[in-house]
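Protein chains in written order, with the numbering used here: chain A, 1 to 354; chain B, 1 to 404.
Read the hints as simulated data drawn from the structure, not as lab findings.
Just so you know, these numbers come straight off a predicted model, no measurement behind them.
Since no wrong hints were added, every one of them can be taken at face value.
The calculated label-pair distances, taken between Cβ atoms and stated as ranges, are:
| hint | chain 1 | residue 1 | chain 2 | residue 2 | range |
| --- | --- | --- | --- | --- | --- |
| 1 | A | Gly-288 | B | Asn-314 | 18 to 28 Å |
| 2 | A | Leu-347 | B | Pro-182 | 56 to 66 Å |
| 3 | A | Asp-273 | B | Gln-328 | 20 to 30 Å |
| 4 | A | Ala-286 | B | Gly-56 | 23 to 33 Å |
| 5 | B | Asn-314 | A | Lys-95 | 26 to 36 Å |
| 6 | A | Thr-268 | B | Gly-158 | 56 to 66 Å |
| 7 | A | Asp-273 | B | Glu-184 | 31 to 41 Å |
| 8 | B | Lys-84 | A | Ser-72 | 30 to 40 Å |
| 9 | A | Gln-105 | B | Gln-328 | 27 to 37 Å |
| 10 | B | His-360 | A | Gln-274 | 54 to 64 Å |
| 11 | B | Asn-314 | A | Tyr-332 | 28 to 38 Å |
| 12 | B | Gln-363 | A | Asp-243 | 42 to 52 Å |
A few chain B residues facing chain A, derived, Cβ under 10 Å:
| hint | residue |
| --- | --- |
| 13 | Gln-41 |
| 14 | Thr-43 |
| 15 | Lys-45 |
| 16 | Gly-46 |
| 17 | Thr-48 |
| 18 | Ser-49 |
| 19 | Thr-75 |
| 20 | Leu-79 |
| 21 | Met-86 |
| 22 | Asn-87 |
| 23 | Arg-278 |
| 24 | Asp-299 |
| 25 | Tyr-300 |
| 26 | Val-311 |
| 27 | Asn-314 |
Even glycine gets a Cβ: it sits at the ideal position worked out from N, Cα and C.
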Amino acid sequence: MATPCFLLHTLKGSPQNLTVDLCRGLDAAEAVHLNLSDVLDQYKALKGSNLSLDSYFCLSGKLSWIGIRDPSLYNEASTGGCMAVSLPGGFRQVKAEEYMELIDQCKPEFFVGPNYDLPHSASAKRTRKCVDSCIQWHRDGLKAFPSLRESMFAAVQGISSSRDRIRCAREAVDLDPFGFYVGGQGLDESLEQRQQDLIELKKILPKEKPRLVVGIGAPDEVLYSIRDGIDVFVSTYPNDCADLGIALCFSLVPTPPTTDANSTSSNTLNLRDQEYELDTRPLVEACGCYTCQHHTRAYIHHLLNTHEMLAGILLILHNCRHYAEFFRSIRYHLDHRSFQSFMDRFLASYHSVS
Amino acid sequence: MTEGPPLKYELHGQWGKARAGRITLPHGSFDTPVFMPVGTQGTIKGLTSQQVEELGCGIILGNTYHLGHRPGPDTLKKLGGLHKLMNWNRNILTDSGGFQMVSLLKLANITEEGVKFISPHDGTEMMLTPEYSMQLQNVIGADIMMALDDVVSTVTTGPRVEEAMHRTLRWIDRCIDAHQRPREQNLYAIVQGGLDTTLRYQCLDGLIKRDLPGYAIGGLSGGESKDDFWRVVSLCTDRLPENKPRYLMGVGFPVDLVVCVALGVDQFDCVYPSRTARFGTALVRTGVLHLKAAQYECDYRPIEEDCGCMVCKNYTRAYLHALARKEQLGGQLLTYHNIAYQMRLMKDLRNAILDGSFPHFVQNFMQLQYPDGKYDGWVVDALASVGIHLKPPTKKDETDKMDE
Numbered sequence: 001m002a003t004p005c006f007l008l009h010t011l012k013g014s015p016q017n018l019t020v021d022l023c024r025g026l027d028a029a030e031a032v033h034l035n036l037s038d039v040l041d042q043y044k045a046l047k048g049s050n051l052s053l054d055s056y057f058c059l060s061g062k063l064s065w066i067g068i069r070d071p072s073l074y075n076e077a078s079t080g081g082c083m084a085v086s087l088p089g090g091f092r093q094v095k096a097e098e099y100m101e102l103i104d105q106c107k108p109e110f111f112v113g114p115n116y117d118l119p120h121s122a123s124a125k126r127t128r129k130c131v132d133s134c135i136q137w138h139r140d141g142l143k144a145f146p147s148l149r150e151s152m153f154a155a156v157q158g159i160s161s162s163r164d165r166i167r168c169a170r171e172a173v174d175l176d177p178f179g180f181y182v183g184g185q186g187l188d189e190s191l192e193q194r195q196q197d198l199i200e201l202k203k204i205l206p207k208e209k210p211r212l213v214v215g216i217g218a219p220d221e222v223l224y225s226i227r228d229g230i231d232v233f234v235s236t237y238p239n240d241c242a243d244l245g246i247a248l249c250f251s252l253v254p255t256p257p258t259t260d261a262n263s264t265s266s267n268t269l270n271l272r273d274q275e276y277e278l279d280t281r282p283l284v285e286a287c288g289c290y291t292c293q294h295h296t297r298a299y300i301h302h303l304l305n306t307h308e309m310l311a312g313i314l315l316i317l318h319n320c321r322h323y324a325e326f327f328r329s330i331r332y333h334l335d336h337r338s339f340q341s342f343m344d345r346f347l348a349s350y351h352s353v354s
Numbered sequence: 001m002t003e004g005p006p007l008k009y010e011l012h013g014q015w016g017k018a019r020a021g022r023i024t025l026p027h028g029s030f031d032t033p034v035f036m037p038v039g040t041q042g043t044i045k046g047l048t049s050q051q052v053e054e055l056g057c058g059i060i061l062g063n064t065y066h067l068g069h070r071p072g073p074d075t076l077k078k079l080g081g082l083h084k085l086m087n088w089n090r091n092i093l094t095d096s097g098g099f100q101m102v103s104l105l106k107l108a109n110i111t112e113e114g115v116k117f118i119s120p121h122d123g124t125e126m127m128l129t130p131e132y133s134m135q136l137q138n139v140i141g142a143d144i145m146m147a148l149d150d151v152v153s154t155v156t157t158g159p160r161v162e163e164a165m166h167r168t169l170r171w172i173d174r175c176i177d178a179h180q181r182p183r184e185q186n187l188y189a190i191v192q193g194g195l196d197t198t199l200r201y202q203c204l205d206g207l208i209k210r211d212l213p214g215y216a217i218g219g220l221s222g223g224e225s226k227d228d229f230w231r232v233v234s235l236c237t238d239r240l241p242e243n244k245p246r247y248l249m250g251v252g253f254p255v256d257l258v259v260c261v262a263l264g265v266d267q268f269d270c271v272y273p274s275r276t277a278r279f280g281t282a283l284v285r286t287g288v289l290h291l292k293a294a295q296y297e298c299d300y301r302p303i304e305e306d307c308g309c310m311v312c313k314n315y316t317r318a319y320l321h322a323l324a325r326k327e328q329l330g331g332q333l334l335t336y337h338n339i340a341y342q343m344r345l346m347k348d349l350r351n352a353i354l355d356g357s358f359p360h361f362v363q364n365f366m367q368l369q370y371p372d373g374k375y376d377g378w379v380v381d382a383l384a385s386v387g388i389h390l391k392p393p394t395k396k397d398e399t400d401k402m403d404e
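Use the sequences and the hints to build the structure in full.
Shown next, in the form of structure tokens:
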């Protein structure tokens with residue numbers, strides 16, 4: 001899995017609206033994020049099947065990552081004793097040992113260590129308790145299942161208190177996991193607070209191990225976070241846009257913004273808009289996704305107008321592809337040491353039309 | 001290119017009244033008997049055009065009433081028709097718009113001129129005439145168009161039924177006159193006449209005289225008893241010309257499909273497989289699986305072992321159970337399977353007609369659908385009328401518990 005990258009968001013274990021044949025066509029995205037709540041809800045069936053996650057959920061060979069925090073909703077129901085996981089019948093209190101046992105059974109390629117998130121605004125007392133739990137659960141968890149260390153992204157919590165943050169980070173580093181989950185972000189912190197946090201963590205977390213974040217997905221925020229040391233993103237950004245009838249089209253080869261009032265560049269297309277009624281162009285010229293290869297803006301506009309399911313399917317196919325291409329551009333520029341200038345040009349163009 | 005409408009029907013084989021054939025239309029050929037999935041508003045709900053192609057569908061339905069509203073005739077004209085809008089390069093059949101009028105609208109008032117109704121979209125009074133229906137369908141550009149008929153519910157009795165039959169004959173002439181693209185689009189007539197044999201014969205003779213490229217049997221599957229239903233289908237297929245396709249509108253359930261193929265029908269459409277999928281129901285040879293039910297939570301078999309569709313090759317019933325209860329993806333997957341099921345059923349019927357095993361196939365099919373041997377009376381009668389006799393259950397059938 002090349003980084004920086006994003007993980008496909010799943011519902012009940014499958015990439016949203018994507019049947020396995022459609023999923024296969026999305027080869028630009030290599031990995032999926034499975035919600036603990038979805039895995040837990042189907043745990044009995046999953047265990048009894050003796051199938052791998054890939055076979056059971058029909059992930060068409062994509063790598064799977066089990067995460068505790070659902071990127072589409074954040075709940076503060078966890079306390080120091082357990083992780084509160086949202087199931088159809090209500091919250092279930094999941095102990096750390098139970099969680100590690102589930103991971104051991106399911107064998108995802110990667111997973112986050114047992115933890116729960118608190119935002120930047122959380123009180124000092126709650127934050128300290130959260131970090132204490134995080135550290136204890138990780139220690140106990142790896143004692144019981146030492147081999148899981150190699151696929152674990154150890155969680156770092158305590159975002160609201162520098163001392164607890166550092167303490168948690170140091171503990172996580174000592175465990176020698178595969179990577180790190182930078183917890184507590186993508187909630188109520190400001191961009192400045194987020195950057196400050198990452199600068200602090202950069203001093204502690206080893207450079208060669210990947211860092212993952214949840215809840216950050218907009219292209220500009222992704223760039224800032226990559227600049228500050230994040231490698232893997234879990235968010236619902238392309239999906240949320242699709243749900244709203246919006247196609248991503250920000251330029252991946254950004255040119256300097258023009259002052260030309262007739263400039264037609266934009267970051268997104270709101271396909272419910274009447275202006276697309278007769279527009280027979282694809283969403284994005286030269287985009288290799290199924291939607292752009294086969295269909296027009298006019299058709300998607302019609303599907304949205306008539307509340308047809310296919311609209312969402314076609315938009316997700318496009319948005320995930322476009323988003324994946326965005327990350328591919330980032331990787332290219334990082335490899336060619338042109339990331340800073342790419343970021344500057346991209347943000348200038350992106351913000352000029354927002 | 002020969003003169004005449006752009007439809008070729010080839011009869012490849014028969015068993016009794018059942019026919020196996022091939023229809024060639026401007027957007028390609030497909031075998032018959034054929035099931036035509038319904039893509040009401042320019043999409044088969046939840047499937048991409050490529051998936052519909054992969055399922056082997058050679059023709060789908062579009063709905064004139066809905067498409068006439070959205071995107072509407074002006075937009076469709078500018079975009080070059082429904083094929084272009086959808087990027088569906090195989091065949092399309094559109095209905096006349098009449099059925100929705102009568103079934104959806106509270107204030108539909110049928111006169112000689114046409115169907116007068118209050119548009120539910122903006123409250124204005126509108127008129128669907130044979131001419132306007134042809135105009136809309138010409139713009140949509142389907143390969144088969146349906147004539148506007150005076151549809152009467154089968155539970156209606158009395159002079160209204162006769163009035164509707166005669167009006168249907170007058171309207172077919174207006175449809176033929178108004179049809180602007182007879183070399184590119186085929187106009188099918190619809191046989192009416194309720195449950196009255198005489199009226200049906202009159203209508204049949206009148207329509208056959210007009211020499212349309214194909215005929216639909218209309219006015220059924222709306223509340224009549226199954227006994228009446230099959231008899232009307234049968235008398236129509238007896239009378240309709242052999243060298244033209246027969247289309248039974250709105251049918252349907254797998255048992256009905258099998259019986260009506262035996263009675264001589266070539267084309268079918270129904271929302272049932274796609275609609276029932278969205279409620280979590282999968283079609284199987286023994287009937288249906290209500291996948292939301294708890295019994296499937298740990299059932300790791302595919303929906304059907306020998307189905308071979310993308311869903312059955314990849315997904316377990318257990319996972320479909322979880323998806324069916326909550327996620328749109330469940331509906332998509334079950335729709336895919338259910339259409340695959342219908343396509344495979346049609347193919348099996350066709351092969352059985354061609355290799356002579358048709359009665360055997362029908363008998364086995366019915367045994368699977370009615371494992372206790374308690375066949376519905378109408379099914380027994382209808383099949384007996386074409387020389388297929390259903391077996392009573394053997395001792396083996398009684399003790400052989402199907403664990404579906």
